[in-house]
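Enquirer: The primary structure of each chain is shown beneath.
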Amino acid sequence: MTAADLARAYARRELSVREGVQSSLDRINEFDGQVGAFLKLAEDVGDQADRAQAMLDAGEGTPLTGVPVALKDNLSTRGLRTTCASKILSDYVPPFDATVVAKLKEQGAIILGKTNLDEFAMGTSTENSAYQLTHNPWDLARSPGGSSGGSAASVAAGFTPLSLGSDTGGSIRQPASLCGIVGFKPTYGRVSRYGLVAFGSSLDQIGPFGFNVEDTALMAEAISGHDPRDSTSLRHAPIDASSVRNGSLKGLRVAVPKEFFGDSMHAGLRAVVEQALDTMRKEGAILEEVSLPSIQYCVTTYYIIAPAEASSNLARFDGIRYGPRAEGSGHISVVERTRAEGFGHEVKARIMIGTYALSAGYYDAYYLRAQQVRGLMVQEFKSVFDKYDVVVGPTSPVPAFKIGELKNDPMALKLLDFCTIPANMLGCPAISINAGLTDGLPVGLHFMAPPLADERVLQVAYATEQALGATMRAPFP
Amino acid sequence: MSISLEEVRHVARLARLDLGEAEMMSLQSELNALIGHFEDIQHLDVSAIDPASHAVTMHNVWSEDLPGECLTRAEALQNAPVSKAGLFVVPTILEG
Chain L
1 MTAADLARAY
11 ARRELSVREG
21 VQSSLDRINE
31 FDGQVGAFLK
41 LAEDVGDQAD
51 RAQAMLDAGE
61 GTPLTGVPVA
71 LKDNLSTRGL
81 RTTCASKILS
91 DYVPPFDATV
101 VAKLKEQGAI
111 ILGKTNLDEF
121 AMGTSTENSA
131 YQLTHNPWDL
141 ARSPGGSSGG
151 SAASVAAGFT
161 PLSLGSDTGG
171 SIRQPASLCG
181 IVGFKPTYGR
191 VSRYGLVAFG
201 SSLDQIGPFG
211 FNVEDTALMA
221 EAISGHDPRD
231 STSLRHAPID
241 ASSVRNGSLK
251 GLRVAVPKEF
261 FGDSMHAGLR
271 AVVEQALDTM
281 RKEGAILEEV
291 SLPSIQYCVT
301 TYYIIAPAEA
311 SSNLARFDGI
321 RYGPRAEGSG
331 HISVVERTRA
341 EGFGHEVKAR
351 IMIGTYALSA
361 GYYDAYYLRA
371 QQVRGLMVQE
381 FKSVFDKYDV
391 VVGPTSPVPA
401 FKIGELKNDP
411 MALKLLDFCT
421 IPANMLGCPA
431 ISINAGLTDG
441 LPVGLHFMAP
451 PLADERVLQV
461 AYATEQALGA
471 TMRAPFP
Chain C
1001 MSISLEEVRH
1011 VARLARLDLG
1021 EAEMMSLQSE
1031 LNALIGHFED
1041 IQHLDVSAID
1051 PASHAVTMHN
1061 VWSEDLPGEC
1071 LTRAEALQNA
1081 PVSKAGLFVV
1091 PTILEG
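As they're listed, the protein sequences go chains L and C. Position 195, counted from 1, in the first sequence is what our numbering calls 195; the numbers after and before it change by one each time, with no gaps. Positions in the second sequence are counted from 1; adding 1000 to them yields our numbering.
Keep in mind the hints are simulated off the structure, nothing from the lab. Hints should not be assumed to be uniformly reliable.
[Claimed, not checked] Under 7 Å between C-beta atoms, here's a sample of chain C residues computed to sit facing chain L: (1) LEU1019; (2) GLU1030; (3) ALA1033; (4) HIS1037; (5) ASP1040; (6) ASP1050; (7) SER1053; (8) VAL1056; (9) VAL1061; (10) ASN1079; (11) LEU1087; (12) PHE1088.
[Stated by the list, open to error] Restraint ranges, calculated between C-beta atoms of paired labels, are given here: (13) C:ARG1073 to L:HIS331: 17 to 25 Å; (14) C:ASN1060 to L:TYR363: 18 to 26 Å; (15) L:GLN132 to C:SER1083: 39 to 47 Å; (16) C:ASP1065 to L:PRO95: 18 to 26 Å.
[What the hints assert, rightly or not] Computed, partial: chain L to chain C, Cβ under 8 Å: (17) SER90; (18) TYR92; (19) LEU234; (20) TYR303; (21) ARG321; (22) GLY323; (23) PRO324; (24) HIS331; (25) ILE351; (26) GLN372; (27) VAL398; (28) LEU413; (29) ARG456.
Source: prediction; values computed, not measured. Where is the CB? At the ideal position from N, CA and C, for every residue including glycine.
Same shape as in the complex, but just chain L (with noise of 0.2 Å):
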């Protein structure tokens, strides 16, 4: 059942919350052995159902009240083990919500658990959990994606019909692709990132994934909006999910970058998108093919910033005000054999990157000439912008990969993120949705739109979606 559809249901005393609730926990506690999506489950869940059912009873009820929702474990829950799937913080509860949690709590959504994700959402196939392996429901075999893998996982399993993820150069959108549901990436800035663990701080953004773009844009509603605790928080209203009905593609100017259709694009999957593109030109829309050049470089400048900001980030992690704190001689010792310990290989791997980067002799080679090399995507796309309405694309150029292919090949998975940095780059809203399958796995349809045109890439996404009509559940079990 998807939110909207679970919301009559409750308007309509077809089903109380407790029912609803208890239908998702049935379900994770039945098959999330085989997905492993969940690290931690509430223990609190009858008492947030009984107090969703009394909002609804008192004709307070919001759409996201009594609808189950799942939160990518690098979002602080008060009360609630938040552990980055990391060993670093395999203890510790935060004394406090974020801003997105605090605004679900408010609105009755039900906090089901926690998902797992890349340590510290370092990564593409979720495979760096410190703890679990999630596996994509479309093919147990294989990855869901990442990192936010265990949040798509929930949804495309129907465990939950919403979940949040935190996306710095794909990590909601991709996994949204390889598991066959829609993510969304709002515009930096509209949804605050108070109590997300930083890891690339002028990349992170917090968005939804849902089964369809109605249920996205609800959720996306829900947690955006002004927050003075994050000081880019932009001052505008809430992502208005009302207007999401309202586009067209009758005459919608789409670009097409040549740079986003390259040599490693999976053949299936190019038809898959081909065919999307087809549609949408029946539609109405008007396609043309543009060269956006700085797309390839985009991966390169990708991995300066974020390691150099996540190796800033991270150096909380000391073993001094919480998580586990290592024996050592002295207090320098003490730090050191605790960050040794305490993060797993590709944390390691990034903050020396970024350290490197940030170091005497390399800050303007690396660091600001990648913060230029920005500036350049942002000119580029902004001439694209000027007679464009959105930007098209593959969401990634292959669908989900085997578990294990490419653990050995760091290199090559990062490579595979072009699609999807560009958006963190600009900072603009972003939108993964289902165009169809190829070999049975999920294909993405990736829409980009200028910084603050939220409303607008929803639209056209959900337009879209209208026209493929292809939003589809995973055969699970």
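Got chain L; can you put chain C on it based on the hints?
Expert: Just chain C now, kept in the frame of chain L:
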């Protein structure tokens, strides 16, 4: 550009990571793979381009200087590996 084992050791020290020799060598080759790609952007002329960060230009974000809710001492200390008398216990910083 490539990074020597000596430089990896130096960076690990800066990053406060106590790495073993085997891990150091494995990281050296991974870092070199990435640093090789860093060369891709060295030839671009970006001298006239301002570095970009936020999508929407923001300046001087200040909050009102007003008292508000904050964590209690017990909440702030609840995750500390070692605490005593309402304070975080830190490892020895000064010798002797």
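Enquirer: Each hint: holds or not?
Expert: These are the hints, each one checked on the structure:
| no. | hint | result |
| --- | --- | --- |
| 1 | LEU1019 | 6 Å, holds |
| 2 | GLU1030 | 5 Å, holds |
| 3 | ALA1033 | 5 Å, holds |
| 4 | HIS1037 | 5 Å, holds |
| 5 | ASP1040 | 5 Å, holds |
| 6 | ASP1050 | 5 Å, holds |
| 7 | SER1053 | 5 Å, holds |
| 8 | VAL1056 | 6 Å, holds |
| 9 | VAL1061 | 4 Å, holds |
| 10 | ASN1079 | 4 Å, holds |
| 11 | LEU1087 | 11 Å, violated |
| 12 | PHE1088 | 6 Å, holds |
| 13 | C:ARG1073 to L:HIS331: 17 to 25 Å | 23 Å, holds |
| 14 | C:ASN1060 to L:TYR363: 18 to 26 Å | 25 Å, holds |
| 15 | L:GLN132 to C:SER1083: 39 to 47 Å | 31 Å, violated |
| 16 | C:ASP1065 to L:PRO95: 18 to 26 Å | 23 Å, holds |
| 17 | SER90 | 11 Å, violated |
| 18 | TYR92 | 5 Å, holds |
| 19 | LEU234 | 6 Å, holds |
| 20 | TYR303 | 6 Å, holds |
| 21 | ARG321 | 6 Å, holds |
| 22 | GLY323 | 7 Å, holds |
| 23 | PRO324 | 6 Å, holds |
| 24 | HIS331 | 4 Å, holds |
| 25 | ILE351 | 5 Å, holds |
| 26 | GLN372 | 4 Å, holds |
| 27 | VAL398 | 19 Å, violated |
| 28 | LEU413 | 12 Å, violated |
| 29 | ARG456 | 15 Å, violated |
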